[in-house]
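Participant: Both chains are sitting in their own frames, so use the hints and assemble them into the complex.
Heads up: the sequence lines are chains A and B, in that order.
The working numbering numbers the first residue of the first sequence as 1 and each following residue consecutively.
The working numbering numbers the first residue of the second sequence as 1 and each following residue consecutively.
Hints in this document: simulated from the structure, not taken from any laboratory.
Backbone N, C-alpha and C fix where the C-beta goes; we use that ideal spot for every residue, glycine too.
Straight-line alpha carbon distances no greater than 20 Å define the calculated DMTMM-like cross-link-like pairs of lysine to aspartate or glutamate that follow:
no., chain 1, residue 1, chain 2, residue 2
1, A, K31, B, E79
2, B, K281, B, D148
3, B, K74, A, E92
4, A, K31, B, D25
5, B, K281, B, D213
6, A, K31, A, D91
7, A, K31, B, E85
8, B, K74, B, E308
9, B, K281, B, E123
10, B, K74, B, D25
11, B, K281, B, D212
12, B, K74, A, D91
With the C-beta cut set under 7 Å, the calculated list includes, among others, these residues of chain B facing chain A:
no., residue
13, T26
14, F33
15, A43
16, L75
17, A117
18, D148
19, V163
Listed next, with one range per pair, are the computed distances between beta-carbon atoms:
no., chain 1, residue 1, chain 2, residue 2, range
20, A, G94, B, A89, 25 to 31 Å
21, A, E92, B, E123, 48 to 54 Å
22, A, V85, B, L12, 30 to 36 Å
23, A, E92, B, I154, 24 to 30 Å
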Amino acid sequence: MNAATVFGLLATALVGVGLYGFIVNPQPLRKILAFNVIGSGVFLLFGAIARRGAALGLSGDPVPQALLITGIVVAFSATALAVTVLLRLFDETGSTTLSSGPAPSASDPDPAKARE
Amino acid sequence: MIEVFHLVPALLIGALAVYTTVARDTFAATVGFIAYGLMLTVAWVQLHGVDVALTESAIGGGLTGLLLVRASAKLRATEAAARAERPRASTRLAAAILAAAVSAGLAIAVLSLPDPAPTLAPEVLANIGPTGVGNPITAVLMAFRATDTLLEAIVLLLALVGVWSLAPDRVWGGRPGPRYNADPDGILAFIARVLPPIGIIVGIYIFWVGADDPGGKFQGATIVAAMWLLVLMAGLTDAPPISRRLLRAGLVAGPVAFIAIGFAGVATAGAFLAYPDGWSKPLILVVEFALMPSLALTLGLIMAGAPERAEAASPREAAP
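Same shape as in the complex, but just chain B (with noise of 0.2 Å):
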């Protein structure tokens, strides 16, 4: 009965990839994976994953499907021209072969994995005391694997400073996106205004119980980034120019606290990215709080994308 649970998931998630790989028009796809996303988080939670399902809504579901569908409205003029592009049947023949042999493969190996399956839990609830943590896998994050942790906001960083790159000269410093003209009056503004405060204190509340529940940092900055782009797109604010050195103080404030962190560590405790014994937990709260704030700068910045305008103090460098 219980296996209804499992079935009916797999089904949906199964057919909304085909139709994101089928679906003719573009945009249609991007919002299938969109749902497809929400659908996966269902996977998540039945594969006992909370806290992955927290993050595939909020970044794999949410922001990536954003990026998509944004990007496929405005290549929708590119759509007839692909068209024609479209591979031989011979090609997608082969294509379709290989995809099943390798999918053959792994389903091979899902089936043949060994039993009793290898696992680290038992070491990491034999070392988890001293981190001062409850949730075990904030405890492999910040304590165990923080180098995988901090690598990964840099990585972070590495996209928008890429994603600034892309920008041409005559705008660069200036404002990403293009500036957002909402009805002052309609839903969406009226949503951008009510729902921010909401959506921050469920951001901050998701980042907080992380030490102990699922949760964590790059979930609840997700939420606090989405409350900023919803803000962006209504046209209640604008974003700021990318040139402004406060802004970018923010964007590195968190990974230089964790390096700094990290580095005393190597004095303290005779490792990079070792607590010394008794400071772990405040520590983790120190990075934690670091870490948060340019998170969710990081990752809205991101969202918002390459400058487009010059900012607005020379705007007639900006005319052709």
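Next up, chain A with everything else stripped away, as it sits in the complex (with noise of 0.2 Å):
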């Protein structure tokens, strides 16, 4: 097995573990995390299709390589504005919940049921 299969492989769990992780936990922060462990899979995925691409001396095919790089730099760009947004929404609810029901507090018997 080459480097672009062992990497491809593992970038198709990257994206496993991240779409469980984006589904699973209920902090929007932990999503925001999750989508950006899919986000790193996807960009890896793409990188050892770049790397198969190597010929002529290159070590890869450069077109795939320079698009990873603007993606890499545009995730950046809307993480920190879901960062910024999330925090915002702290500062004005003091809370963070998605769901749709009333906050669960510590003292709620039944959490179960505010997410109804």
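Facilitator: Structure below.
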């Protein structure tokens, strides 16, 4: 197995782990983090494909590599905006819950109900 | 034997990704994410994408990690309530099945990629001569697909506008972030005095060698922005109020120069962002020199966050 296959398969695992975390973690910040894990998996997959395109003495296809640099910067921009929205939400409401019901408080005996 | 150098980082990266997903404490998860970003850099080097490795370690791991760590520290009070919202076991099982299915589908795609792989490398090498740059990735970023780079710079600017517009009305035009107060004789203040001269030179070097070797303006600008953030966090200086005209001019100078050269291309070379014959290298340099300070400023201000304090001139208005 060469590097492109090893890291290509790793990338598919990262997308899966990130997707699981994105669905399961209730905190918005953890969702942003998980989304970044998905994103890095997608980037790595694209990078493995770029590596397979090595030709004529170049160690990889430079076009996808250049697009990856653009992609990483754009992902950072989106993350920064998402984190700032989240912090403002916390400043305004004192909570960051995404559930549609009233925010479950620490004294809530049945937090599952609040989720309905 | 060489596979050890692929498999060990791959396993570490996978383990760190799982850790950031399952860690109970969000702060621990975000710290894990920084380690994850740094390990990914090793993967990028193994894939011979050194330019991407630099970007990943500077922006993907460094800046994004710092954003998440800071946010997790601020949101610590919401941890307990969020734990109560944890979905049921059935939901988790369904999510795990879905995630595994997506991974399996992608893995099948990876294993059945066409051989020989399609590549644009010959086209890039055939046309790199007239651009005058030696690094094929820089040639793609600045000549063949310059539109992407222009839009990328504008996306960063839009993100900053978005971050600023989240400020409450009463502090609009004020200074971003808190005023940091570190011990002036402490280690942070010491590092913030010693490191920036070195960091700025490293940043400019990485920017300059980008024409022929791995590096470039985004990676260099990130390092310069990081040095500014270090000085800010050590309390040695304060972030400028966002209403300052000079600051705003600095933010848009790079993209404006890029767009101006793009339109000049319509008149001189027949297409937007085209460079006339023999003028590619000087024009690329002008664009890069104009973009680099704007990018450093934009990245630094995005990291500094939304305005939180009204300008010092009117402290009474800021009081509730």
